[in-house]
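For the protein sequence lines, the chains are L and D, in the order given. Residues 1 to 490 (my numbering) make up the first sequence, in order. Residues 1001 to 1490 (my numbering) make up the second sequence, in order.
Please keep in mind that the hints were generated in silico from the structure rather than gathered at the bench. Just to be clear, a hint being listed does not mean it is correct.
Claimed, not checked - Mimicking BS3-like on lysine-lysine, the simulated pairs with C-alpha atoms at most 30 Å apart in a straight line are:
1. D:Lys1321 to L:Lys54
2. D:Lys1328 to D:Lys1057
3. D:Lys1098 to L:Lys452
4. L:Lys328 to D:Lys1022
5. L:Lys3 to D:Lys1456
6. L:Lys328 to D:Lys1354
7. L:Lys452 to L:Lys481
8. L:Lys249 to D:Lys1328
9. D:Lys1132 to L:Lys335
10. D:Lys1254 to L:Lys22
11. D:Lys1054 to L:Lys54
12. L:Lys3 to D:Lys1098
13. L:Lys22 to D:Lys1328
14. L:Lys112 to D:Lys1112
15. L:Lys335 to D:Lys1258
16. D:Lys1354 to L:Lys54
17. L:Lys347 to D:Lys1022
18. L:Lys347 to D:Lys1261
19. L:Lys354 to D:Lys1308
20. D:Lys1328 to L:Lys258
Protein chains: 2
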Amino acid sequence: MSKGIVSKDEDYSQWFNDLVIKADLAEYSPVRGCMIIKPYGYSIWEKIQAVLDKMFKDTGHSNAYFPLFIPKSFFSKEASHVEGFAKECAVVTHYRLKNDGEGNIIVDDEAKLEEELIVRPTSETIIWHTYKGWIQSYRDLPILVNQWANVVRWEMRTRLFLRTSEFLWQEGHTAHATSEEAVAEAEQMLEVYADFVENWLAVPVVKGRKTPNERFAGALDTYCIEALMQDGKALQAGTSHFLGQNFAKAFDVKFSDKENKLDYVWATSWGVSTRLMGALIMAHSDDAGLVLPPMLAPIQVVVVPIYKHDDELENITNYVKGLTAELKAKGISIKFDNRDTQRPGFKFAEYELKGVPLRVAIGSRDMQNGTVELARRDTRTKETVEQAGLADRIEGLLEEIQQNIFKKALDFREENTTEVNDWEEFKRLLDEKPGFLAAHWDGTPETEQRIKEETKATIRCIPLNNKQEEGKCILTGKPSKERVLFARAY
Amino acid sequence: MSKGIVSKDEDYSQWFNDLVIKADLAEYSPVRGCMIIKPYGYSIWEKIQAVLDKMFKDTGHSNAYFPLFIPKSFFSKEASHVEGFAKECAVVTHYRLKNDGEGNIIVDDEAKLEEELIVRPTSETIIWHTYKGWIQSYRDLPILVNQWANVVRWEMRTRLFLRTSEFLWQEGHTAHATSEEAVAEAEQMLEVYADFVENWLAVPVVKGRKTPNERFAGALDTYCIEALMQDGKALQAGTSHFLGQNFAKAFDVKFSDKENKLDYVWATSWGVSTRLMGALIMAHSDDAGLVLPPMLAPIQVVVVPIYKHDDELENITNYVKGLTAELKAKGISIKFDNRDTQRPGFKFAEYELKGVPLRVAIGSRDMQNGTVELARRDTRTKETVEQAGLADRIEGLLEEIQQNIFKKALDFREENTTEVNDWEEFKRLLDEKPGFLAAHWDGTPETEQRIKEETKATIRCIPLNNKQEEGKCILTGKPSKERVLFARAY
């Protein structure tokens, strides 16, 4: 059966796009660069949300909701933030439509806003404006707030999940009495993200710091987790920013400490988005479709009956009822696909496409023999196994699959992370064996910029706990004390 | 202690506003008519979301996500929808800001959109545009999709939670092969809403149909649930619409049935919003603050220790640890407020203000006697009870409080629902004893409109399973076969 997906070796980018569409994850909308997240795709996002939300709450955070619109003037208040965000934004200028009398809907020019509103590209400005009213003394600190929301950044070149004009995300915004506490918060949230991405998405990440060039606009320090996709390009999967007192100063947010001394508040912000869906898809999937880690798969086990007569189906159905109860008790989600409008082969292909980790097929002979056919999505292998003890076996296999998927991605990353000491070699590898290149850099933004211009590779991060060693900058030959990770990136 | 809340008898509207702000539920933002939902308010909304989301899934629905922006032209496609929604909307006309060179951020006039985008006031148009691609045959039906999202309707007069320019809601959009199935869906979702509002929010509702005048723009039939607030004004708490084939025709969505015959698809939509927070607050609360039904209270039980010395606190803390474990096992949320920065009286007032259903106070003498002081928020009564069996007692009390709050609201509604047969009496009651007025109406939009103009009362609904009886229209004296419910409304 052709699934209408191009091979990933042939055209990785098209393969990704085909996969997202054919697996019913998302599609483009009539609005430029905005996507529709379809029910199957959204059910994965809901799982991501639920797990992260619990992690945020377990670390003391609460959710809140701030307005979609931000007054234009707010963007002028924090100088470096301006440069980063007051650019490609959707701007609301009017608040009314009217009928022109000939049946056409037109914008009512009499309903022009005095000050234009920006659809939030991120919410630091409106949140810090609000925090001014919430914070007077050290007793009001820390504020540990997160928001689940949609944001808009008008993108010229868009890709489903990876770069869309509107996307869904969470943005944490915290306020602290000391610099140390804010740094600890930013570091803690980086750990939360790394934990989530490695243990749930099964995608290994490098934890690190961004260079000043690549920092979030307004941050003193940006921590990030970087993952490697199967085409050797890097993907930034989450960021956590230490914002210092920049936003507190821009919005005049001071607090009185225990000694009644006034000081500006210290801030962090941190976020992950529907981009994680892109990482999830690109890190594991193959030409047959999605490969989902069991811990985030909306359907973990699918059962397909194979039968000719109704009494055979009845027999199988009775067995599946028992299995379903056993799996539900273990917290494992199972779907029994007994549609009579589709043949088993069609169903096999469909669930393969959708990345269901385990498939159980049961025919009449299986029922006589007390067996089932059990197929793994990750290895594309199948075997005939006993019905006795099947639920336990499935439970064990799901764990094994989760680990195997992670291991495979980790092996891939290790094979595609290379220490490079020579500029020609650096350029050659980027074309011939793309991946993470660990190279020395002289620490200047100018060199970083030149490397980017010549190779399209950027410094993804300076890894945390980086080994210190003497070396020479890959481009300039100037002295350097540590390697940084370069890659072309999404 | 003054909580800064005006008495509700003195100024109901101000009381509501004070309450929302002082109880940390929400506040106005610098953006006209948009609110900030604070962590405590948002935690109630999260509970509402979680319960409703499960109810939707239990009835077969999945979540998805559609774009925030809708092309302007979409609003011209469904004629009656235009009249209802293509009015007070936020309009995006530009997609870029720039620096004017003097440090000011201005809108870049070169980045003007070819077609203006409307920030969704509701999503029927973009969703039916999308469904065209999803539906070919009866096998693709039904589509049972829900979306949790923010929407914007530019309101001139706003009130926190009740009427804000941006609000949060869910909107279900379903597609069916037959009219009967769509009607059954619309009715089912009305039942879901009624069940939720009565059994979780503890607010009794009247289920009914809207008159054609009051229908959703584009609907053939609008079902609604109507609740009565403590000031005698009605509040529409949820609506479910049978849309017929209007949107399918507007967006040309046809399906082939089993006989391969083409027909337009049948539709419903249904929604509830953060307005439910307004209903929750206004239906139960009093001059001392919020009264929350235990099933939606973020904190169900708060424990306040009363002590002078640290060893007393240690003693109390040990006891509370055991109680906490017992309550957690029962799924009851408990907070131990051992802050040493506030006195017990301050804490009592704070939790009263925040509507925590049960308060446990424990002092040293209590510890000696094996007792605690247990205070109910709904009745504002307290008693000294044994520590032995306290967890069971709390569990029982929470159920009792939930029922008591509902009963109180139901009694109030019954006392304030009056059958009226005389026009002067009708007008007098609206001023002197506002509530639901059950009166005959001649069935014409003209009469309905005249009554609205003269009294500001609207027909809230024609109750389902309404008693049929001969009568005369309250205004025109023309014959009528059933009473409808009038009220002034939020």
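These are the hints, each one checked on the structure:
| no. | hint | verdict |
| --- | --- | --- |
| 1 | D:Lys1321 to L:Lys54 | holds (23 Å) |
| 2 | D:Lys1328 to D:Lys1057 | holds (26 Å) |
| 3 | D:Lys1098 to L:Lys452 | holds (25 Å) |
| 4 | L:Lys328 to D:Lys1022 | violated (44 Å) |
| 5 | L:Lys3 to D:Lys1456 | violated (60 Å) |
| 6 | L:Lys328 to D:Lys1354 | violated (38 Å) |
| 7 | L:Lys452 to L:Lys481 | holds (21 Å) |
| 8 | L:Lys249 to D:Lys1328 | violated (43 Å) |
| 9 | D:Lys1132 to L:Lys335 | holds (27 Å) |
| 10 | D:Lys1254 to L:Lys22 | holds (22 Å) |
| 11 | D:Lys1054 to L:Lys54 | holds (17 Å) |
| 12 | L:Lys3 to D:Lys1098 | violated (45 Å) |
| 13 | L:Lys22 to D:Lys1328 | violated (44 Å) |
| 14 | L:Lys112 to D:Lys1112 | holds (15 Å) |
| 15 | L:Lys335 to D:Lys1258 | holds (26 Å) |
| 16 | D:Lys1354 to L:Lys54 | holds (24 Å) |
| 17 | L:Lys347 to D:Lys1022 | violated (56 Å) |
| 18 | L:Lys347 to D:Lys1261 | holds (27 Å) |
| 19 | L:Lys354 to D:Lys1308 | violated (63 Å) |
| 20 | D:Lys1328 to L:Lys258 | violated (35 Å) |
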